Structures are given as structure tokens and as C-alpha cells.
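Visitor: If you want the building blocks of each chain, they are given just below.
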Amino acid sequence: MKLFEPVNIGSLCLKNRVVRSAAFEGMADPGGVPGAKYEAHYAGLAEKGMGLIITGFAYVGLDGKAMQPGQAGIDNDRSIPLFSRVTGSVHKNDCAIFLQIAHAGRQTVRAACGGRPVAPSGKRSWYFRCRPSPLTSREIERIISGFAGAARRARDAGFDGVQLHCAHGYLVHQFISPSINNRKDAYGIDRELGIGGYFLECVINKIRDACGNAFPLAVKISGDSDWRPGLTKTQFVNLIKLLDIAGVDAIEVSCGTMEQALNIFRVPAIPWDTILAYNPRYRVNNKALRGFSKLLAGAVHVPSLKKFSPAYNLHLARVAKEHTTVPVISVGGFRTGTQLHDTVESGSADLTGLCRPFICEPDFLLKVKEDPSYKSRCVNCSRCAIMCDSGNATRCYRIRSSYGA
Amino acid sequence: MALDEQVCAVVSANLEKKIPVGRNTDLRKDVHLDSFGTMMIINGLEDAFSISIDDQDFRAVSSVGDIIEMLRTKYHVGG
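Quick note, the sequences are listed as chains A and B, same order. Quick note, the first sequence lines up with residues 282 to 686 if you use the working numbering. Quick note, the second sequence lines up with residues 8 to 86 if you use the working numbering.
Because the hints were derived from the structure by calculation, they are not lab data. Since this is a predicted model, take the numbers as computed values, not measurements. Backbone N, C-alpha and C define an ideal beta-carbon position, used for all residues, glycine too. Do not take every clue at face value.
Partial selection, computed: residues in chain B whose CB lies under 8 Å from chain A [said to hold, decoys possible]: (1) S42; (2) F43; (3) M46; (4) M47.
Pairs of lysine-lysine, DSS-like flavour, derived with a Cα cap of 30 Å [unchecked claim]: (5) A:K487 to A:K522; (6) A:K296 to A:K602; (7) A:K587 to A:K656; (8) A:K656 to B:K24; (9) A:K514 to A:K283; (10) A:K650 to B:K81; (11) B:K81 to A:K373; (12) A:K404 to A:K283; (13) A:K329 to A:K283; (14) A:K318 to A:K329; (15) B:K25 to A:K656; (16) A:K568 to B:K36; (17) A:K587 to A:K404; (18) A:K588 to B:K24; (19) B:K25 to A:K568; (20) B:K36 to A:K329; (21) A:K588 to A:K514; (22) B:K25 to A:K650; (23) A:K522 to A:K465; (24) A:K329 to B:K24; (25) B:K36 to A:K656; (26) A:K329 to B:K25; (27) B:K36 to A:K650; (28) B:K81 to A:K329; (29) A:K487 to A:K465; (30) A:K318 to B:K81; (31) A:K487 to A:K588; (32) A:K602 to A:K522; (33) A:K465 to A:K514; (34) A:K318 to A:K650; (35) A:K650 to A:K296; (36) A:K373 to A:K329; (37) A:K283 to A:K602.
If we strip away everything but chain A, and leave its shape as in the complex, we get (with noise of 0.2 Å):
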């Protein structure tokens, strides 16, 4: 396999092997209308070479939507002609797209979900600060409802596919990890499997039936997790067993979840200054009390931090790879081309994919393209993902202007 070779996922062909991987984008209003920064934010990546664009996570549902100010939303048909537009631009050049959809479960807050989150069980997210609602069969079929009509929209708007967030700890992860779902219900922990796979089969099953089996329906999943305990070896074999028996055409595999969101981007030296600055649940606005600040929560999270290392989810990749046929993504941590080419040749993942060296450097595949061990500007600071929280667009933050932290 090459990089810049053709793949298929299901019965669409891609390009080449690159996938811009899911980033939030912050640029859509209030009301989850994607407006015209957010067209050509996409239109203007489509230019720059990759196989594929993930979206950033679009809510399914108001229940489901994130804290993160400005995320898009497709929980209702007013917005099929505004993603439509999104769609047409990036086809212009040659790209696919999928919108990825997503419901938070525990991991929002009230005044973004407009009431008291929900989630498999009642157990507390440290992080978001909330003890969710625990949901009812009769909500849980409703949002995996909410699921295919999403699905069926992206569908209708022109996205050559969907993927289907069940990483970083939302919703659908949720219900998959032992650490969190503790229902008894069909819905709960399956015990030859170890992980809570009815839900996601649900809705899986229910997309399908909603948009056909040929339109390309990919998944995200952690590969661990920062709830203790963890995903096992043999659980996570379980669940790529399970999305291989479910027909799923893509697997993307990262790890860890929002409660300690660094380990999914693991960063060189934690970014206090935006942190304290930008962060909801951190924001200290007395700057005299930052330093204080810092060295408590410093004592309580760096002892869990993962370090940055190249390509440091691939372990996981080359794991899911060994039990499934379906194409395996595997995200984080690729910064050089070098990188890139060697881990389609040695067949360790189908696909790469790659979210903040497109952030600084959209082109950043087109370097690759010219200098095949070119190496990405992006350093892992990280700003770009705290600054999710902060209202403003996505981007990068790596050289400190005049943001104000």
C-alpha cells in the first residue's frame, strides 16, 4: 500500500490515504447553523490534497450538544441546504466529506443541553462537574432515532458519509465502557463481550435502515480510556470484532476521553497560561491567582498525563488491524511524511489521519507531497484544542500574539 494510493471505504473511493481527521470548528451560530465561515473553512481544506475531510462533531439532538461554543448541529432538516452548500465546495475539488455525528451524553453542561445531561448511568463526571440523568429505554430509542435521522440528513445535504463519534468519551463510548454503563437492561454491560455494544449495533442497525448499506457509515473509537478501569486488550478486540460483524466500512481508532482531554492530544508541557485563561472549568480570572491555580491542578493531573510520542495511538491501529478487514484509521500523532508513508507501507493502518498539522498548515499534505519527510509546524501545544472553549474559531495558537492568555 502507498500513501498517495487510491482506497475504498465501502463504495466510496478515496484519493489517497489521508484523512483530515475530525476538529472542532466553533463557526457555526447558537442555534447549530453552519454559516459561511464554516463553508469555506471546509472548501478552502478540500484544496489541499487529502483523500478525505472528517468534520468536526455535529450534534444529533439538543440533549447532545457539546459545551464547546459555536458546534454544528444536524438535528433538523432546516439545516440540510446549509451543509449542502458546505458539500458542493468541497467537491469542487476532488475531496470527499463525511459529517461526523454526536450526541455528549454526560460530557456537556446544562446551559449547552439546555437541562440536566443524560447518560447510561447516573455516575458523575468529574470533569463537566454533573450527575447525568440516567436514560429510559424510551429515550435511549429516541436518540438512536436521533442518530439515523442525523445520518439520514448528511445524506440528503451531499456528505459522501457519515462517521459515527463513539470515542473521547460521548455518548456511544459511554455506553460501551464497563467503567461508566452499569444498566441491567438490554443496554448494559454484555458479558461474554465485556463492553455495552448493544447501543452502538442499534444504531448502526438504524442508519442503516434510514440511508441504505451503501452509504459509508465509519466509526471512532478510543482504544482506551482514561476511566479506570480501562478497556482491556481482549474488550478492545471484542468491539472491533463487534464493528466488523456490524458491517461498518471504516474503523478510526484514537484513544482516551474529555474527561482528561490532554491524553487524547498528550502536549510537551501542559499550556497553563490558556488553561487558566480560556478553559470553562479551570478559568481563573484573578491573574495573581493563576500560579496558585496552577500548581493545584498541576498536582492533580500531571501524575495521569501520557506523553506526546510519534504516532502514538498506531499500538491500537496495528491491534484492530490483526481482527478486521474493514479499513483502519489510525489518528494522532503524525508530524512528519516520514511518518505518514511508513505506516501504510508497513500495512500498521489503511488510512492516517491528522487534525492539528492541518490546523497550522492546511497544506500541510501538499509539503508532503513535494518532500516526502516533510515536518509538520505544529509542536502539540495544544492551544488550538483549549481554545475550543473560548468561542473563537478554530485555530492556531502556537505563536502567542494577542490572545490574551
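Using the hints provided, position chain B relative to the given structure of chain A.
Guide: Frame of chain A, contents of chain B only:
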């Protein structure tokens, strides 16, 4: 601070390598500006002047002086 000084300060603050920046600084020859540097400067200007700059407009500039003129004429910055 005059607009010229403000723009020079923003450009200088957003360069990876610190070099003296003046009105006549050429963005390609002197600064070797690439897509990353361009994005950093656009971000810095947007923050400094509370405006939203169209990337297409920036493609036409070649010097710091051009940026200043673009901000004056197209974005009505600095009176």
C-alpha cells in the same frame, strides 16, 4: 500607536524567527513567509484590529507596507 507601528509589531510578534520588521520588509525575500507564517500573521492582525481578513486579500500582499495599505483601504483600519 500609529498603524504602521502596530502592523510592524504584530508581524514581528508572529514570526518564528525574530528579525527587524519595517514598512519595506518583503514578506517573501526577507521573512521567507510560508503558509504557516501567513496564517500566524493573519491571526495576529485579526486579533489586534478585531477584523476578519479574507485569505484571498492576503495573497496579493508582498510587503509589510502592502499589509498596511490593505488594512487601510479594504478594512478601514486606522481611519
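Visitor: Now tell me if each hint is right for this structure.
Guide: Taking the hints in turn, this is what the structure says about them:
At a threshold of 8 Å, the smallest CB-CB gap from B:S42 to chain A is about 5 Å, leaving the interface hint in force. Here the hint on B:F43 is kept, as its CB sits about 5 Å from the closest CB of chain A, short of 8 Å. Below 8 Å, beta-carbon pairs count as interface contacts, and B:M46 has one with chain A at about 6 Å; its hint therefore holds. Restraint check, B:M47 versus chain A: the minimum CB separation of about 5 Å is within 8 Å; hint holds.
Simply put, A:K487 and A:K522 have alpha-carbon atoms about 19 Å apart, close enough for the 30 Å limit, and the pair holds. For the hint pairing A:K296 with A:K602, the CA-to-CA distance comes to about 21 Å; that is within 30 Å, so the pair holds. A hinted pair counts as satisfied when its Cα atoms are at most 30 Å apart, and A:K587 with A:K656 qualifies at roughly 22 Å. Between A:K656 and B:K24 the CA atoms are separated by roughly 17 Å; this keeps the pair inside 30 Å, and the hint holds.
Straight-line distance between C-alpha atoms of A:K514 and A:K283 comes to about 29 Å, which keeps the hinted pair within the 30 Å bound. Taking the CA atoms of A:K650 and B:K81, the gap is about 35 Å. The hint is violated against a cut of 30 Å. At most 30 Å may separate the alpha-carbon atoms for a hinted pair to count; B:K81 and A:K373 meet this at roughly 28 Å. For the given pair, A:K404 sits about 45 Å from A:K283 by alpha-carbon distance, which is inconsistent with the 30 Å threshold.
For the given pair, A:K329 sits about 19 Å from A:K283 by alpha-carbon distance, which is consistent with the 30 Å threshold. Annotation: proposed proximity of A:K318 to A:K329 holds, straight-line Cα distance about 17 Å (limit 30 Å). Distance hint between B:K25 and A:K656 is fulfilled; the C-alpha atoms sit about 21 Å from each other, no more than 30 Å. Taking the CA atoms of A:K568 and B:K36, the gap is near 40 Å; set against the 30 Å cutoff, the hint is violated.
In summary, the hint linking A:K587 to A:K404 is supported, as the alpha carbons are separated by about 24 Å, within the 30 Å threshold. With a C-alpha separation of about 27 Å, the suggested pair A:K588 and B:K24 falls inside the 30 Å cut-off, and the hint holds. Restraint check for B:K25 and A:K568: satisfied, since their Cα atoms lie roughly 28 Å apart, inside the 30 Å limit. Restraint check for B:K36 and A:K329: satisfied, since their Cα atoms lie roughly 24 Å apart, inside the 30 Å limit.
In summary, the hint linking A:K588 to A:K514 is supported, as the alpha carbons are separated by about 21 Å, within the 30 Å threshold. Proximity of B:K25 to A:K650 is assessed by CA-CA distance (about 29 Å); at most 30 Å being required, the pair is judged to hold. Simply put, A:K522 and A:K465 have alpha-carbon atoms about 23 Å apart, close enough for the 30 Å limit, and the pair holds. Restraint check for A:K329 and B:K24: satisfied, since their Cα atoms lie roughly 26 Å apart, inside the 30 Å limit.
As the CA atoms of B:K36 and A:K656 are separated by approximately 22 Å, the hinted pair is consistent with the 30 Å bound. About 29 Å separates the Cα atoms of A:K329 and B:K25, which keeps this hinted pair within 30 Å; it holds. Taking the CA atoms of B:K36 and A:K650, the gap is near 24 Å; set against the 30 Å cutoff, the hint holds. For the suggested pair B:K81 and A:K329, the alpha carbons sit about 27 Å apart, so the restraint of at most 30 Å is met.
For the hint linking A:K487 to A:K465, the alpha-carbon distance of about 22 Å falls within 30 Å, and the restraint holds. In summary, the hint linking A:K318 to B:K81 is supported, as the alpha carbons are separated by about 19 Å, within the 30 Å threshold. Distance check on the hinted pair: A:K487 and A:K588 sit about 39 Å apart at the alpha-carbon level, beyond 30 Å; violated. Straight-line distance between C-alpha atoms of A:K602 and A:K522 comes to about 11 Å, which keeps the hinted pair within the 30 Å bound.
Pair hint A:K465 plus A:K514 holds up; C-alpha atoms about 24 Å apart against a cutoff of 30 Å. Taken as a hint, the A:K318 and A:K650 pair is honoured in the structure, with Cα atoms around 28 Å apart against an allowance of 30 Å. Taken as a hint, the A:K650 and A:K296 pair is honoured in the structure, with Cα atoms around 14 Å apart against an allowance of 30 Å. The suggested pairing of A:K373 with A:K329 holds, with an alpha-carbon distance near 12 Å, which does not exceed 30 Å.
As the CA atoms of A:K283 and A:K602 are separated by approximately 17 Å, the hinted pair is consistent with the 30 Å bound.
Consistency note: the structure conflicts with the earlier hints numbered 10, 12, 16 and 31.
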